[in-house]
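Visitor: Chains as they are written, first to last, in the working numbering: chain S, 1 to 521; chain E, 522 to 886.
Please keep in mind that the hints were generated in silico from the structure rather than gathered at the bench. All C-beta atoms, glycine included, are put in the ideal place defined by N, C-alpha and C. Careful: at least some of the hints might be erroneous.
To be verified - Calculated Cβ distances over 10 Å to all of chain E for the following chain S residues:
id, residue
1, S208
2, N221
3, L356
4, E394
5, V407
6, L412
7, A495
8, H506
Unchecked claim - Heads up, simulated DSBU-like pairs for lysine-lysine below, C-alpha to C-alpha not over 35 Å straight-line:
id, chain 1, residue 1, chain 2, residue 2
9, S, K217, E, K728
10, E, K729, S, K217
11, E, K600, E, K879
12, S, K7, E, K824
13, E, K824, S, K477
Unchecked claim - If we take Cβ atoms under 7 Å as the criterion, some of the chain E residues that face chain S in the derived model are:
id, residue
14, S645
15, L649
16, G656
17, V660
18, R663
19, T664
20, E666
21, M667
22, F783
23, S789
24, A793
25, V796
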Amino acid sequence: MKLRRRKYIEKQAKQHTLQESNVPSDNKSLSDQLTDNKEELKKLYANCSDVVFRSFFLNGKEDALLVYIDGLTQVEEIDDNVLAPLMKKTYAEQGSVRELLKKKVAVASVTEVETYTNCVSEISVGNPVVILEGSSTGFSLGLAKPETRAISEPSSESVVRGPREGFVESLHVNRALLRRKIRSPQLKMETIEIGTYTKTTVIISYVSGLADETLIKEVRNRVARVEIDGVLDSGVLEEFIEDYPYSPFPQVLTTERPDVAAGSLLEGRVVILVDGTPFVMIAPVSLYSFLQASEDYYMRFIMSTLIRWLRYAFLVISLLLPSFYVAVITFHQEMVPTALLISMAASREQLPFPALIEALIMEVTFEALREAGIRLPKQIGAAVSIVGALVIGESAVTAGIVSAPMVIVVALTGIASFTIPRYSQAIALRMLRFPMIILAGTLGILGIMLGIIAIVIHLSTLRSFGVPYLSPMAPMKSGEMKDTLARAPWWKLNARPHFTGAYNEHRQSASQKPNPGKGEE
Amino acid sequence: MENGRISASQMALMMYPVVTGTGIIFIPSLTANAAGNDMWLSPVWAASAGWIAIFTALHLHRLNPNQTIIQYSERLLGKFLGKVVSLVLLFFYLVMNGGGVRIYSDFVTGSFFEETPTYIIVSSMMLLSAFAVRGGVEVIGRTAEMLTPIYILFLLLVFLLILPDLRPENALPMLENGFTPSLKGAYTPQSWFAEFFVIAFLIPYVKKEKTAARWGVISLIAVTLTFTATNLAVLFLLGEDVTAKLNYPLLDAIQYISIAEFLQHLESIVMAIWVAGAFVKFTVIQYAIVLGTAQVFELTDYKALVFPLSFLTVLFSFWGIVGEADSTYHSSTVFPLTSLIMQTLLPLGLLLISYFQKKTGLFPR
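The task is simple: from the sequences and hints, build the whole structure.
Guide: Written out as structure tokens, the structure is:
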């Protein structure tokens, strides 16, 4: 069985390489005949109307070829700084071409390319390539046109206080945003190219000395292992590098905010940037990372702590409230105070459905409304919310299809799930709500408890890049509790959180608690 | 075979529910029957079985480092006899866990879900614990670390909430007939305390072994306090006569809770939290059974045994137990004796042999 599977995989791999056979083999170097080079490149870029081949005479007599992709390259710069100086003047002295380029071409970055593969990769990034007659070395000029949208506030993670810049779709801007936050040369950025066709640049970033060496190696290995046609978003890569692919829980944190990424880097985590998406990935993370917002660290610590507790409470509500309601209504009516029970019974008197079905109908409707609200254009989105509020909220109760308490429960659950700062985690808990409702409708509170135990077992099994998902609660790391259960003031957060071992322990000097008396020191 | 490691505090959090899981609902009534209004003293005497269990397990481990009882019993008694003793011990745990699951399901069906078939309750619990056992000792440790604190907190909350209804005069006259009744009452709970011997399966996987003793003792003291507090609470609230007649006195005590006409009838919630503790208990013992069986038969991996042995535990929760009354009878007569033999005398014997072997070097390695 295993042997057959291996053969199948090998066959697949062979087919995969065959399909890209028109790309020249890795190390075929450029010829010293310009016509050969031109022909080979033209063959590679057959039917590519956006690739421009410009032949010109260097020094009035020597043949030269300029290749670039229209739209990716700064054509004005080529005109002014490459073609003009090389074509217009005649040079008395005969030096090597290399010296000529050094002297006359006013471009910051010039790199030599010697193989077709290099040539093609430079051209496809947008760097024009100059090839000269009689030389088997081409020159790639760093004149790619940076196409980028303006840096704006990320809509998925807005804050009241804190930096308002967000990552954009261009990798080099994102890279600069990170570098602007952490200027130390210890901030490393390793580049890997992924995608047979997309050639997407992926950057593994970490602060050397803070991040654990084995962790960096593990990330590097996992990313390098990926072999795929194209990476269009970090989400594609995420599914390849997770620890437990079948878990509903996200094991990698995604963020649009440079300050979150920089904060994670300073805690010794690894940040993975993918070209073409504003979402960068952070690993390793724990369950509690998904319940923390960047603002927690900018607000006053008492408020942050209270808000964290609120989030924990609403996390439980978003997972359990509908199932708890169903369990109480179906099995444990004695728990409800009498007055409330009477009014609840009165509102349920005319209902055609048992509580379990009622809850499922309402929850599914709510999820559908939410999904419709996200996908629709903004103008229609308002209409959906009106329909949702009126039809679901008001009419369904009047028509006697659902009870008013159920509407309250579902609405509260909906709000609760929006208090979780990370969408990927919120949606996981929202999905788990449905099995919990079914368990509550069949086994009551016992069913809910069995469901919770199952979730806890699963969470205990999970790891994110080798770090237990429930840490620092289980396994308990008492030193990190002050940034999990609460948010201790900054002058108390002296020790760095550590995922694998103890090294470079302190992140600030101790006893910095502000005190008016200290001003004299 | 087991690559995971747990911390000593995780071990303590695993052991606390192992003893209190089923004990807390059963022991008040059993001790009240034997000790009358001295029932609160019985757990303190009974705890000596726990001290012996921890002492023997630790010393056996010190003399036979990095081995579970299954492995060193083979070394101490010889291959054949060692395997036989190990199998008998594992069989004892299998019967004990089956009985424990039965107590759990009888409690749940008897008090809450009268119509639900017992096998649903039993098998859903064993299925969950099988999942946890498959994850290995690390997963069980972390699960216990998440669930046991909630379990302890709720117990404390229950004690706090029934405080207004307590009548301490129920305990009077104290020690009317000397210490004999309370010592008699200690006979049943000692078997629960002796379950601390399960740490003999866990210590080889504890990270800092030196802290294992301290945390084991902390866990034991916590258990003793819990049982004493439970017995006191039940005695103060219901009195000895009522307590002796009730099957689950703590449950009835919880029904007394009524604060501001809003916090009342909390028994379903307390039951649910207790289920979490019971789950940890069954899982830890099931893990010991599975690991031990794999070691007896010298398998490379125990994962294949998890589901068959869990199924066997489900069967043992039905075999030989006719009903709730039979289960109570079993817990108060058969179980204390077998526990005394298997969890107290057998380990002490092994310890003697181990000492003797170390002194003289007579037995083969």
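Visitor: Please flag the earlier hints that this structure goes against, numbers listed from lowest up.
Guide: The structure breaks none of the hints.
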